[in-house]
Every structure is written in structure tokens, then in C-alpha cells.
Amino acid sequence: MTGKILMKGNEAIGEAAIRAGCRYYFGYPITPQNELLEYMAINLPKCNGVFVQSESELAGISMVYGAAASGKRAMTSSSSPGISLMQEGISYMASAELPAVIVNITRGGPGLGRITPAQSDYFQATKGGGHGDYHILVFAPASVQEMADLTSLAFELADKYRMPAMILGDGIIGQMMEPVALKEPINLQDLSPKPWAAIGAKDGKRHLVLSAPFTDEKLVALNEKLSKKYKEIAEKEIRFEDYMTEDADIVIAAFGIVSRFSKEAIENLRMEGYKVGLIRPITLYPFPSKIIREKAKKVKAFLTVEMNEGQMIEDIKLAVNGKATVDFLGGGGGKITLPSDIENKIKQMLSKGDY
Amino acid sequence: MTLIYKRPEIITDEPFTYCPGCSHGIIHRLVAESIEELGIQEKTIGVSSIGCSVRCWKFLNIDFVQGAHGRGLAVATGIKRAQPDNIVFTYQGDGDLLAIGMGETIHAAARGENITVIFANNAFFGATGGQLAPTTLIGQKTSTYPLGREASIIGKPIKISEMLAPLETTTYIARAALNNPSNIKKAKKYIKNAFQMQVEGEKGFFMVELLCACPSNLKKSPVDSLKWVEENMIPYYPLGEFKTINKGNL
Numbered sequence: 000m001t002g003k004i005l006m007k008g009n010e011a012i013g014e015a016a017i018r019a020g021c022r023y024y025f026g027y028p029i030t031p032q033n034e035l036l037e038y039m040a041i042n043l044p045k046c047n048g049v050f051v052q053s054e055s056e057l058a059g060i061s062m063v064y065g066a067a068a069s070g071k072r073a074m075t076s077s078s079s080p081g082i083s084l085m086q087e088g089i090s091y092m093a094s095a096e097l098p099a100v101i102v103n104i105t106r107g108g109p110g111l112g113r114i115t116p117a118q119s120d121y122f123q124a125t126k127g128g129g130h131g132d133y134h135i136l137v138f139a140p141a142s143v144q145e146m147a148d149l150t151s152l153a154f155e156l157a158d159k160y161r162m163p164a165m166i167l168g169d170g171i172i173g174q175m176m177e178p179v180a181l182k183e184p185i186n187l188q189d190l191s192p193k194p195w196a197a198i199g200a201k202d203g204k205r206h207l208v209l210s211a212p213f214t215d216e217k218l219v220a221l222n223e224k225l226s227k228k229y230k231e232i233a234e235k236e237i238r239f240e241d242y243m244t245e246d247a248d249i250v251i252a253a254f255g256i257v258s259r260f261s262k263e264a265i266e267n268l269r270m271e272g273y274k275v276g277l278i279r280p281i282t283l284y285p286f287p288s289k290i291i292r293e294k295a296k297k298v299k300a301f302l303t304v305e306m307n308e309g310q311m312i313e314d315i316k317l318a319v320n321g322k323a324t325v326d327f328l329g330g331g332g333g334k335i336t337l338p339s340d341i342e343n344k345i346k347q348m349l350s351k352g353d354y
Numbered sequence: 000m001t002l003i004y005k006r007p008e009i010i011t012d013e014p015f016t017y018c019p020g021c022s023h024g025i026i027h028r029l030v031a032e033s034i035e036e037l038g039i040q041e042k043t044i045g046v047s048s049i050g051c052s053v054r055c056w057k058f059l060n061i062d063f064v065q066g067a068h069g070r071g072l073a074v075a076t077g078i079k080r081a082q083p084d085n086i087v088f089t090y091q092g093d094g095d096l097l098a099i100g101m102g103e104t105i106h107a108a109a110r111g112e113n114i115t116v117i118f119a120n121n122a123f124f125g126a127t128g129g130q131l132a133p134t135t136l137i138g139q140k141t142s143t144y145p146l147g148r149e150a151s152i153i154g155k156p157i158k159i160s161e162m163l164a165p166l167e168t169t170t171y172i173a174r175a176a177l178n179n180p181s182n183i184k185k186a187k188k189y190i191k192n193a194f195q196m197q198v199e200g201e202k203g204f205f206m207v208e209l210l211c212a213c214p215s216n217l218k219k220s221p222v223d224s225l226k227w228v229e230e231n232m233i234p235y236y237p238l239g240e241f242k243t244i245n246k247g248n249l
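If you read the protein sequences in the order shown, they are chains A and B. By numbering that gives the first Met the number 0, the letter at position 101 of the first sequence is numbered 100, and the numbering carries on one by one without gaps. By numbering that gives the first Met the number 0, the letter at position 76 of the second sequence is numbered 75, and the numbering carries on one by one without gaps.
I should point out that these hints are in silico values taken from the structure, not numbers from a laboratory. As the structure is a prediction and not an experimental result, all values here were calculated from the model. Built from N, CA and C at the ideal position, the CB exists for glycine as well. Among the hints, erroneous ones may be present.
Unchecked claim - In silico contact screen, one side only, chain B against chain A (beta carbon under 8 Å); selected entries:
#1 I25
#2 R54
#3 V64
#4 I233
Stated by the list, open to error - For each label pair, taking beta carbons as the anchor points, the in silico distance ranges come out as:
#5 B/G128 with A/I4: 56 to 64 Å
#6 A/E223 with B/M0: 48 to 56 Å
#7 A/E234 with B/E199: 36 to 44 Å
#8 A/S226 with B/I3: 36 to 44 Å
#9 A/E223 with B/P14: 23 to 31 Å
#10 B/T1 with A/D215: 43 to 51 Å
#11 B/V222 with A/P44: 51 to 59 Å
#12 A/K159 with B/G24: 40 to 48 Å
#13 A/K230 with B/L2: 54 to 62 Å
#14 A/Q52 with B/S181: 41 to 49 Å
#15 B/G24 with A/K201: 26 to 34 Å
My request is simple: use the sequences and hints to build the entire structure.
Shown next, in the form of C-alpha cells:
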């Protein structure tokens, strides 16, 4: 680990990806993630990598599919409307069990929306997103440092489980600058071999990378296999931050940038004697249901704070399973919930006294 | 007795799933012969995407990657960029290449991707049951335009070879028909050329368009279907090499 440097969130993802061995980037411009596209355009050729600006997000994700099928670490990035187009290729990659990293620096929607920061793609990211019964790994960074660290982890786990992984950020962390400590670049030779990759039938045995098994029985078997894989990652790969929940009466659940507003609110509330804590999911899929379930036995209520109209709250409610009240604060379309809003909401919740 | 003609080794033992009289069998053979004659079985990666030919990996014993409908050339771009020393080709029909995948087709050609395209034009959406394709002829009856294609309603058929040949980034563009032995021999020559240029490191985009018979959707016998190709398709889609550029032009 070297010293810290000041970087924009989008650029930190790009540098972390290159250091993680990504040499293939395909993507299409869309704000607010253009810095990442441009970072790869400038820096990939310097390390014998390939950058192609695709004609569309549909083509871009399929180019990633081709590079991933070749056994290479490949990535793309976009923002909400572009990610909608990419769902076609992501579903095909989930089916073909191809690893790749997709970055969504979300903007407010629906439709074209605006480039204002939002978390309105939570459903799309965590529930599959495209057609068919599948999931992808979803990471939610809350700082520029995590943009870098989780990109590195996303490549590692995508390869390990042979599945697409997504970094779900937003316009604030994508655009803001913070000090970041970057990992040393890995040696491409140290990456685990991918014997399934289509690199020519050189050993006399051919490779097939197919997204359709072409018989009814095999398609059922594929669905069962994927399901088993998702159960395994739910056991092994859940990550979350537990912040001051030990004695908390109310636990805030927030991911990404709003988790930082929530922490500031918690610090202020604690100074006034309110017992409030935070559970911050770092992996949105697999979702940290177990810790939420455990906390539900002890707390008076949960408050989910999101930059959308209430999406993660559904997973919180599923985990809580009626054992505690779950309230919501936030809003979509670029509305930013400030620490003072959170403080007021918590005070209001506790003053009701009906927990 | 001397064996003078045999099945190419890379054609698998898998029973064909194509209909009687379908031209895919001929194309598979010509592709297999070309790959074998060039000795590139171990370095060729095929891309299939949608339609009847999505299963062509079953019948050709080489590496295959199956991508999404219309995205064959984007997938192939990712493969060729990642493995520039290998030979990459797509095997696509008219719905795939010219309807859902037209964006990928034009841009792969305009980027001059070093990819060979084997394009089967049968003037139908075959696998889905004979709907109108971008290549359906004027007057031709389809399940979605049962009274026949009318230009005033749905426009005219696309001649992609003529569209791509003028691009400075395309290197080999040819069209053959598979309606008789003489034309099949020409098709073989074109297909081999389109692979050979990639093997020899020519820059640019290589495509062979093949006029095919789809008896099931034409609702004609295999022989009558070939006659239909000759009488209806060839007059609208002229045959020949539209573009052959020698080394060094890109």
C-alpha cells in the first residue's frame, strides 16, 4: 500500500480496475460517469489494454461478454438509462456464467430523468434487472476509498463465482474527490486460469460458452445451479458495516452516500442522548438479512433512509419479518436527505412513544 | 476404390436439426471445409446468436460463443480484440444481422473489425415461423404480412452487401447463392476468401452473403424452393464479389 492520493470517485474505480487486472473496457458515454470512460480511454492503452467506445450500451455489454468469454477481466460502466439497455447482456452473462464488472453511477429516473444523484436503481440491481431468474453481485460504496476497494473485490468475486458483479454508486460519490489508498497492481500471470474460456480448441478439446442449454432438462438444471450459487454467496460474501447499534433504540438502514449523512445525524443525536445506530449494507446482493433480523429482536424501530421512494425498505421488512416497526425517510428524482432531516425524523419517531 | 469426397472432420456426428432442403447444411459444410483447408480448427472461434443457426455450435466441432440476438458482431468484437491472433467469425441470419443487430453490423464494419461474417439470407425470420425480414422481397407472403410485402407499408428489402461495400473499412464483401452446384462452388470460394484474408492478417471487415432456401416457410418442396431463390432472390440480390482489397489498404 502506497500513500494516499486525491481522486474523483469515477477515476478511482478506473484505476482500481486496471490494478485488478482489467485490460478490456467497452462503454458508451453518459453523465455522470464519463470520467470513468475517459480514464479507461487514456490509461488502458498505456498498459496494452483495449478501450472501445461502443455504438450503444447494448453493443458495449456484448463486447464485454466477448472479452469475458475469452477469459479476460473486462468491464463497462454507465448510468441508469444505459444500464437498462445493458440488462439484455447482463442476463445473458448470468446465464453463460461469465464474470465481468458493471458500474452504475445512478442518476434520478424514471425515463431519461436527470443527472442528479439518486439510488433509484436498487430494485433493478438487486432483483436481477433483466429477464429470467438470476442475480448479480451488487456492491454499494460509500466513499472514494470504497469505490476503489470494492471494484477490486468485484473482479475477484466475479471470477470466483463466475457471475457479473455491479458497483452501484451515485452522482455524488462518482463526482466528489477524496484521498484514496490504492492497492498495488496485481500480476496478470497470478490470476487463476479459466479453463472454460473460448480461446481455440488448442488441446483438441473445444470450449463452448453458451447462454442457452437448448434442452428443457438442462435449463432446469442451470436454474438450480444458479440458485445454489446464490445460496453459497449469501453464506460467504455478505458485507456490511455495524455502526453504534449495540444499545440503539432505533437502527437506521442506509447504503451508499446517505449512510454518511446518517452517521453525521447519529453523532448529533447521540450528543443529545438519543440511542441511534446504523446498519450499512455494503453488499446489496447478497443482502445482510441476518444482522437486520438479529437487531429486530432488540430495537424499537428501523428507519431506512434512501435516495429513492423506498426500495431497500422491502428487503429490510422481509428481514425484520414483522418483529419491529420499519419507517422510511427519503425521496427519489435527485432529492437529497440531509442529516438534519434524519435527526428530525428520529426525534419524531421516538416522541410518538408507541414502540 | 478411392475416396474423393468425404465429410469434413469438424462436422460433428450430431443429427442436423434443420428442415429438409434448408441451406444451413450446405453453409455448415462450406465453412467446415474452409476452416479445415486453412488448418485453423484450433484457432477459430465462432459466434452464433439467434434463429435456426443459433445451434450451429452443435454441428461444427470448434470453439463457439453464443451471444444475444443481434449482438453477434459486438460479442465477436470483444473476442477478436481480446484474442487478435485467433480467427473469429459470426454466423448470422437476416433478422439477426439486419433487423435487431443492424447497429452492431454497421458499426463493426465501420470500425473495420477483423471479423468474418457468414450471413445466411433466406428472406424470412425462419425459426420464429416465417415473419417478414428486412430482406423479404416485394410481394413475398409472410406470416406478419400475409398479403405480401408492400413497399408503401413496410418499405423495401435491404441490400446489405451493397451498403457495406462502399465503406472504406470493409475489405471483402461478396454474395453467392446456394441454388445450384455452380453457385455453391462460388460460395465456397468466397467463404474461403473471407477466412483466408483474416488468416493472412488483412485489415478490415469480411462478409459473405448467401442466398438461402427456407422450404418450410416458403411452403414449397426443396427443389421448388431452390427455383424460387433463382427466380426471385437472385434478380433482386445480384451475385458476385463486391469488394476485394489487397493487403495494405488500411
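Here is what the structure says about each hint:
{"no.": "1", "hint": "I25", "in the structure": "violated, 22 Å"}
{"no.": "2", "hint": "R54", "in the structure": "holds, 6 Å"}
{"no.": "3", "hint": "V64", "in the structure": "holds, 4 Å"}
{"no.": "4", "hint": "I233", "in the structure": "violated, 32 Å"}
{"no.": "5", "hint": "B/G128 with A/I4: 56 to 64 Å", "in the structure": "holds, 59 Å"}
{"no.": "6", "hint": "A/E223 with B/M0: 48 to 56 Å", "in the structure": "holds, 52 Å"}
{"no.": "7", "hint": "A/E234 with B/E199: 36 to 44 Å", "in the structure": "violated, 53 Å"}
{"no.": "8", "hint": "A/S226 with B/I3: 36 to 44 Å", "in the structure": "violated, 54 Å"}
{"no.": "9", "hint": "A/E223 with B/P14: 23 to 31 Å", "in the structure": "holds, 28 Å"}
{"no.": "10", "hint": "B/T1 with A/D215: 43 to 51 Å", "in the structure": "holds, 46 Å"}
{"no.": "11", "hint": "B/V222 with A/P44: 51 to 59 Å", "in the structure": "holds, 56 Å"}
{"no.": "12", "hint": "A/K159 with B/G24: 40 to 48 Å", "in the structure": "holds, 42 Å"}
{"no.": "13", "hint": "A/K230 with B/L2: 54 to 62 Å", "in the structure": "holds, 55 Å"}
{"no.": "14", "hint": "A/Q52 with B/S181: 41 to 49 Å", "in the structure": "holds, 44 Å"}
{"no.": "15", "hint": "B/G24 with A/K201: 26 to 34 Å", "in the structure": "holds, 28 Å"}
Of the numbered hints listed earlier, those contradicted by the structure are 1, 4, 7 and 8.
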